[in-house]
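Chains F, D, U and G, in that order, give the protein sequences.
Okay, so the first sequence: first residue is 1 according to my numbering, each after it adds one.
Okay, so the second sequence: first residue is 1 according to my numbering, each after it adds one.
Okay, so the third sequence: first residue is 1 according to my numbering, each after it adds one.
Okay, so the fourth sequence: first residue is 1 according to my numbering, each after it adds one.
Please note: incorrect hints may appear among the correct ones.
When chains are identical, the list treats them as one kind, so a pair holds in a single copy or across two.
SDA-like, lysine to any residue: derived pairs with alpha carbons at most 20 angstroms apart [claimed, not checked]:
{"no.": "1", "residue 1": "K456", "residue 2": "S445"}
{"no.": "2", "residue 1": "K24", "residue 2": "S344"}
{"no.": "3", "residue 1": "K468", "residue 2": "R196"}
{"no.": "4", "residue 1": "K24", "residue 2": "E279"}
{"no.": "5", "residue 1": "K456", "residue 2": "D216"}
{"no.": "6", "residue 1": "K333", "residue 2": "L345"}
{"no.": "7", "residue 1": "K409", "residue 2": "E366"}
{"no.": "8", "residue 1": "K409", "residue 2": "D360"}
{"no.": "9", "residue 1": "K333", "residue 2": "L153"}
{"no.": "10", "residue 1": "K409", "residue 2": "R276"}
{"no.": "11", "residue 1": "K333", "residue 2": "A64"}
{"no.": "12", "residue 1": "K456", "residue 2": "E185"}
{"no.": "13", "residue 1": "K24", "residue 2": "S467"}
{"no.": "14", "residue 1": "K468", "residue 2": "Q457"}
{"no.": "15", "residue 1": "K409", "residue 2": "Q270"}
{"no.": "16", "residue 1": "K456", "residue 2": "W466"}
{"no.": "17", "residue 1": "K456", "residue 2": "D143"}
{"no.": "18", "residue 1": "K409", "residue 2": "G273"}
{"no.": "19", "residue 1": "K456", "residue 2": "R151"}
{"no.": "20", "residue 1": "K456", "residue 2": "R218"}
{"no.": "21", "residue 1": "K24", "residue 2": "E393"}
Quick caveat, the hints were computed from the structure, so don't treat them as lab data.
Each chain is listed here by its residues.
4 protein chains.
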Amino acid sequence: MIPVSLAPEKGAYVGLQGKHAALKAIHVSIHFDRRLWREDIDGSLAHVAMLATCGILAAADAAAIADGLRRVAGEIEAGTFDFREDDEDIHLNIERRLIELVGPVGGKVHTGRSRNDQVATDLRLWAQRKSMEIEAGVRRLGDALLEAAERELSRGVVIPLYTHLQRAQPVLLAHHLLAHSEAIERDAGRLADARRRASECPLGAAAGAGSGWPIDPRQTAAALGFDRPCRNSLDAVAARDFVAEMLAALAILMAHLSRLAEEMILWSSQEFGFVRLSETVTTGSSIMPQKRNPDGAELVRGKAGRVFGDLQTMLVAIKGLPLAYNKDLQEDKQALFDAVDTTSLSLAVMAATIRGAEFDAARMREAIDARDGYADATELADYLAERGVPFREAHGIVRRLCDEAREAKLRLSELGIQRLRAASAVVQDDVLGRLSVDAAIARRSAIMGTASPQVKQAIAEARERWSK
Amino acid sequence: MIPVSLAPEKGAYVGLQGKHAALKAIHVSIHFDRRLWREDIDGSLAHVAMLATCGILAAADAAAIADGLRRVAGEIEAGTFDFREDDEDIHLNIERRLIELVGPVGGKVHTGRSRNDQVATDLRLWAQRKSMEIEAGVRRLGDALLEAAERELSRGVVIPLYTHLQRAQPVLLAHHLLAHSEAIERDAGRLADARRRASECPLGAAAGAGSGWPIDPRQTAAALGFDRPCRNSLDAVAARDFVAEMLAALAILMAHLSRLAEEMILWSSQEFGFVRLSETVTTGSSIMPQKRNPDGAELVRGKAGRVFGDLQTMLVAIKGLPLAYNKDLQEDKQALFDAVDTTSLSLAVMAATIRGAEFDAARMREAIDARDGYADATELADYLAERGVPFREAHGIVRRLCDEAREAKLRLSELGIQRLRAASAVVQDDVLGRLSVDAAIARRSAIMGTASPQVKQAIAEARERWSK
Amino acid sequence: MIPVSLAPEKGAYVGLQGKHAALKAIHVSIHFDRRLWREDIDGSLAHVAMLATCGILAAADAAAIADGLRRVAGEIEAGTFDFREDDEDIHLNIERRLIELVGPVGGKVHTGRSRNDQVATDLRLWAQRKSMEIEAGVRRLGDALLEAAERELSRGVVIPLYTHLQRAQPVLLAHHLLAHSEAIERDAGRLADARRRASECPLGAAAGAGSGWPIDPRQTAAALGFDRPCRNSLDAVAARDFVAEMLAALAILMAHLSRLAEEMILWSSQEFGFVRLSETVTTGSSIMPQKRNPDGAELVRGKAGRVFGDLQTMLVAIKGLPLAYNKDLQEDKQALFDAVDTTSLSLAVMAATIRGAEFDAARMREAIDARDGYADATELADYLAERGVPFREAHGIVRRLCDEAREAKLRLSELGIQRLRAASAVVQDDVLGRLSVDAAIARRSAIMGTASPQVKQAIAEARERWSK
Amino acid sequence: MIPVSLAPEKGAYVGLQGKHAALKAIHVSIHFDRRLWREDIDGSLAHVAMLATCGILAAADAAAIADGLRRVAGEIEAGTFDFREDDEDIHLNIERRLIELVGPVGGKVHTGRSRNDQVATDLRLWAQRKSMEIEAGVRRLGDALLEAAERELSRGVVIPLYTHLQRAQPVLLAHHLLAHSEAIERDAGRLADARRRASECPLGAAAGAGSGWPIDPRQTAAALGFDRPCRNSLDAVAARDFVAEMLAALAILMAHLSRLAEEMILWSSQEFGFVRLSETVTTGSSIMPQKRNPDGAELVRGKAGRVFGDLQTMLVAIKGLPLAYNKDLQEDKQALFDAVDTTSLSLAVMAATIRGAEFDAARMREAIDARDGYADATELADYLAERGVPFREAHGIVRRLCDEAREAKLRLSELGIQRLRAASAVVQDDVLGRLSVDAAIARRSAIMGTASPQVKQAIAEARERWSK
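Chain F with its partners taken away, still in its complex shape (with noise of 0.2 angstroms):
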């Protein structure tokens, strides 16, 4: 047990007096960093726990810090904490506050740690409690698409699908925009496993080489919440990889909510008029009370960059470095801070935007049942395939359908069925009922098409994958 008079204080640290105004300029964090201070304290807490438990601390000097640590925490809390520039970062205003508060015996909290396991610790325990403040996003933007998909599913809402932007053939609704929520769930799949692969503390690592003194690395990692200690301490205080795949997740999730955002942006503009969006996600005009700028999802798309960018200089920031510790390491704070950010209010606006969002069911109609799409064509194709018509011929018999019907602005079942019935012999009566919207939906049961009971059963297996 270290004697109560050692106490490693604010001397440890040598300060900024004397360094060219540019050098405390780009080394100065704590106007950033002050947004680890919860884990700094409960890194801190756990720490000297387990050096109370270790013998290295006694238990009175533990409990006296330990006190210090919460009244600092509630000095952070209340707003009164004063947040210095000199003291350069989180970890060393807190410590000085602590030790103007508790006395000398403050400066013992640093026993056998150093900064460098200090603030991977402190990094690592913010991105799990984000990570998972971010899935709870995700299950809210998944709610949001579920619920709108039963709603829709209900009322046999009936959309294009697309192919190049050209529509192809009918889709429900509600089976569109499962779509999105079967991509986000991956998206929540990819958030848990770089959690449960980061979950290893840092802490005992020290500057590198490991902690000179006896501590127990799995105290701590179980106190706060990790599966385990890292394994190997250069790699605990050099590694950012849990940074970068993090960064990763949230690239490929705002990827897919740009694409939800493009297509709110597409159908809500006048040409598609699919959907109405509701005013308290767009933005208007003083003079045209019907403006609705989808300022929102347009947001949401140009931010997918930002974050695109941030993986970026994570990956740079890494690329090339020897161990372990270096000063570079620095920029994993802010690019993951601004991505956490930028996702998080992302997924809130696009899960606001599904929420409010009115679909025009007669203008989805009307757009798949326009005179210059032909949707059917491949409904009657199949329908001669299947009578024995050898595919090449019943596409040349449908062509030429397709351009009689465009000549005369008529659906390809407006023809009648005499005009079908001469262009192939085996048509019968029920080809008309063969061409409609709902037999071709009807049609697509198997596994993942859009028939109704597929699309209900979809539903029901993704609420309970998201149940859990």
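Using the hints, position chains D, U and G against chain F.
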């Protein structure tokens, strides 16, 4: 069952006749997607077998097609296959040849599917297979690192730990090498997670709405080794997050390789002199026989940015893209191919580099023992602290001793026991032992530390994990 | 002058015998750097001529080498040159063949230079030439846009201006097209600036310290069309900002092309229907003859990210690289080649797309006249404001009229003069004329506005600038 | 002239009442765009003066507004301005306060313009000004490098040239330093080119179609220091290539700074020992007084990736964006602000680092003279070659001598004249002089070479160019 005459022949494909030369040049993909030939044939074999099981195709037709597909595979393997630009891509090249070989029945291979689900299936299958190959490459590099660690541990080789590229403390070289094996073990985990998540088969999505035929997507998924079919047809053809996630895993892996490469470059400089790289992975000079340029490591370092770029390419391609299929998605292949090739090669280069590296224990020891490093200053401060000297005072004492030693160009221990005792009364005869490199290493015996038994166990545990 | 026997033959090159397969695979570059063959030969011709002028090489030797180099060029052009992987790169392939053709004297070509300055010269030369080709491609697209603008101006075609993809105000289609030509004109300027800045010849830097022979770098620079030699030998071999700058110019150009491509995709959707793209740049369907998928434009849009990735690749490769030459720099070539090819092709595709586009004036006019747009609301508010109604009050009046018109499904002007006058006493009979599309356009007659004379002049001025 | 009552007051702005919290959070920009306050006020002053000149605004109104704008500027400078989130952005904040100060007439400031052209003007103006500041920062770093080069030239300090981080040949340290000043001189040129190209004023474009009032864009452009107005109103509000180009210039500059930073880090390691960095730009240790961690240089190196990320952010934001204004464009500001701040700071840090660097001539000389480098091998081969020994043979002779010297742990020259003469009969007494470092440097006297007179002239020429 479809009547025998029903062949969706080549006629189904409109072709590039009459297209602008620029459109042809940008559209044709056979020069790069031919790499997917095996996956395309495997996918078709599974599809045809399923069509037969479901009664959509007669058993004889299915057999004829399967036989034809195998002949096509044989021709490609033998190098006799005629890849044609007129047939645009690998799918149409194979289908064209299949019909040439087995007649019109070959056209039925495309019944109930579309190029949209076909190409997505091919690329997923290819990615799964390549991901496993790369994971094997990671394991080979891991083996090389573990072997080197074992050898250097048995030799007791010590190296300075660097922070800010300044010597900080002595650690075992084996411990340093294990830090790299830890990092790439997580890379292997990322690849496996991505693989598991992407183990969904798109076959059955057809153009994006699901197939109108009574197919069984579960059978094709199982036959191709996927865990299950995709759950939503739009998502099946529109999703490329499986590519982005794999690229992100490769980008992080390349970042790790670039760090290892950087150390090999640094350490093989005359200034460090810590390692002599094998002639097999370096290039030389015709007149300076001793010259060994670390070209392999430099190229690995330089190529990290290339894979970062591939990742960016994919993310940007899907940003803001509405569902379902858009031609932009064709940009998935070259980015993935390039990243896979680059990473595979880089892994092989680094494994060969590590296997052939001769570490110079004497030069490393010299660096630790250098009279300008004072790695033992921390040890002396800890020694005083344990004996009750307050940290601040202990630091002050050591700082003065360092100044004195620097002037005298001596190590702290070379100041002698008298001088140390004069500096602080708590100093005992055991202090000189404590200031030794071996003692400093031995004290770091907690989990993740550099003490020899700890490192030995870390190697054993790593071996066990890798062997699974 | 060097004695005739002095041939720095193949022996100067150590070769890849005994190298690890992975090192060979990562090191050999002949499969991609063969594209530099013409620049390599041009560089050697200039170098040899200079060596002769400076008296370092006998005139006869120089003539023999020059003759040999021209024979090598002939073989490569004829497709009979044997590119060998054993000779690593294009420089050694050519040198080897030169010596085969002219004997040992061929080895003197390398006197006073090194591969470090040679490869930098080749790539600069290639970049300069390709940059001019791409600028010509930009001009061709600019021509296509100006021609389309002239045609549509003469037809008086009007299109909605979109903000937030919502219809805002009517503008001339010609005016809209000119916006794109403005953007790419700046791209051409960026390429020219980059070219001018990179117009420095590295020959003479040798390995990086400068040549030890009495060479004249000014002569080689002039012979190769550079403005001057580089100013510093380390910089000459280490600098790759000329690549990064050109890639940045290409990336921005691709971003611009992706915007134009996006509009072609949007406008050719059935929902917009503003343009019918030529069959020569779209792909179709075998059964739906009217189908025109905008594959060309989609691929251009998708490929923007690819060039962004190439730029990132180059920036990352040089990040943190010490001087002078490092092998990482070999990564400059493939990134530049890919970006140049991609951009050239994309320019050609977009030029063909614009040339073949048939704009549907009726559909655009319909969009402007739609009863849900109220583009005339701004005009009415301005009308009131000019007549002294305070803005706030004018806006309130118009807002109420818009509400009323929306309910009645009428345009503002269709509310009738009585209704408008009832809303504000300042309204005169001229108000209806003011609310017309033509009036709104005609009023925007200041510089950069959409009024017809202004657009006409803008086209004329653009033609003049482009013709320089 | 607009009647005095015509005030486009706050009423013109709909506000965020009733908006979803997420929309507000993503939409409001006052917390970052307040940095544009001075440009916004300058733009409004120019606009109001033009409105008066054109007779759109009464002189008294214009005077009142201008006076109010100056008072707003005063409040912001004094720190008493109340920035309100409810007012969204800097434009509305200033307009609101202006109206508070001067009454309803203040609303007329917005006559004939829109936020679309206003924000584009503000950002261009800000970018122009910051670009000049950064160019000044580049010059200061250039000065520091030139001064150091002059000093080290006068001291005759020699450093090894490295290729592949292997010692290759001796060069003057001054020559090495000049390589960096060359690189950043091109960066300054890129900034200037970007500035010139962006020197077009968007005012007059209004929402994108041009203003409907009889304004004079030339007057505002001139008043704000732009070369001319933009040429097309859609382009004026939609273009952000001026941001992307400036970001590209900054990214390349940061890549250059990261190379210089890397050398400072390498050279200040104990292994190299070539430089002792000033305490003012390094951080230390409380117990090891000699410790100097190169934090400043490390952070500059790490931050390079950040600016690469900012560039990617902007490119991605504009990718695939249709004309004219979309809210995505709001992402231009934070990326540019961050890159400008980061680069400015990095320039200052590197200038301070160079100014405070003490180069250790003895350690550099030691590296050159090291018995394992054989930098003189090239010289000896050249010596033989000049005297008629064929290159291949010369290389073989030198290779054997190197092997022999290495075994004997001697330099080539230390083998003695007899041994050298025994190796080749052409060797004369002058050979030892030729093998000296000074001779090797002096021979490289052609342009761009490292010979002292050449370096002296290069410094003088650089000074002259920079002084312009």
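Inset, instruction - Give the relationship of K456 and W466 under a CA distance limit of 20 angstroms: within one copy only, between copies only, both, or neither. - result: within (15 angstroms within a copy, 44 angstroms between copies)
Legend entry - Copy assignment of K409 with E366, given that the CA separation must stay at most 20 angstroms: both (15 angstroms within a copy, 19 angstroms between copies)
Legend entry - Intra- versus inter-copy proximity for E279 and K24 (alpha-carbon distance at most 20 angstroms): between (47 angstroms within a copy, 12 angstroms between copies)
Inset, instruction - Tell me, please, which holds for K468 and Q457 at an alpha-carbon limit of 20 angstroms: within, between, both or neither? - result: Classified as within: same-chain Cα gap 17 angstroms, cross-chain 38 angstroms, threshold 20 angstroms.
Inset, instruction - Have a look at K333 and L153 and pick one of within, between, both or neither, based on CA distance no larger than 20 angstroms. - result: Neither. Shortest intra-copy (44 angstroms) and inter-copy (35 angstroms) distances fail the 20 angstroms Cα cut-off.
Inset, instruction - First find the shortest C-alpha distance between K24 and S467 inside one copy, then the shortest across copies, and answer within, between, both or neither for a cut-off of 20 angstroms. - result: neither (49 angstroms within a copy, 30 angstroms between copies)
Legend entry - Intra- versus inter-copy proximity for S344 and K24 (alpha-carbon distance at most 20 angstroms): For K24 and S344, the Cα distance is within 20 angstroms only across copies (14 angstroms; inside one copy 32 angstroms).
Legend entry - 20 angstroms Cα threshold - placement of E185 relative to K456: Close inside one copy (18 angstroms), not across copies (42 angstroms); limit 20 angstroms.
Inset, instruction - With 20 angstroms as the alpha-carbon cut-off, assign the pair K409 and D360 to within, between, both or neither. - result: Classified as between; 18 angstroms across copies, 25 angstroms inside a copy.
Inset, instruction - Give the relationship of K456 and R218 under a CA distance limit of 20 angstroms: within one copy only, between copies only, both, or neither. - result: between (48 angstroms within a copy, 19 angstroms between copies)
Legend entry - Intra- versus inter-copy proximity for L345 and K333 (alpha-carbon distance at most 20 angstroms): both (18 angstroms within a copy, 18 angstroms between copies)
Legend entry - Status of D216 relative to K456 across identical chains (alpha carbons, at most 20 angstroms): Close across copies (18 angstroms), not inside one copy (53 angstroms); limit 20 angstroms.
In summary, the structure is inconsistent with hints 9, 11, 13 and 21 from the numbered list given earlier, while agreeing with the others.
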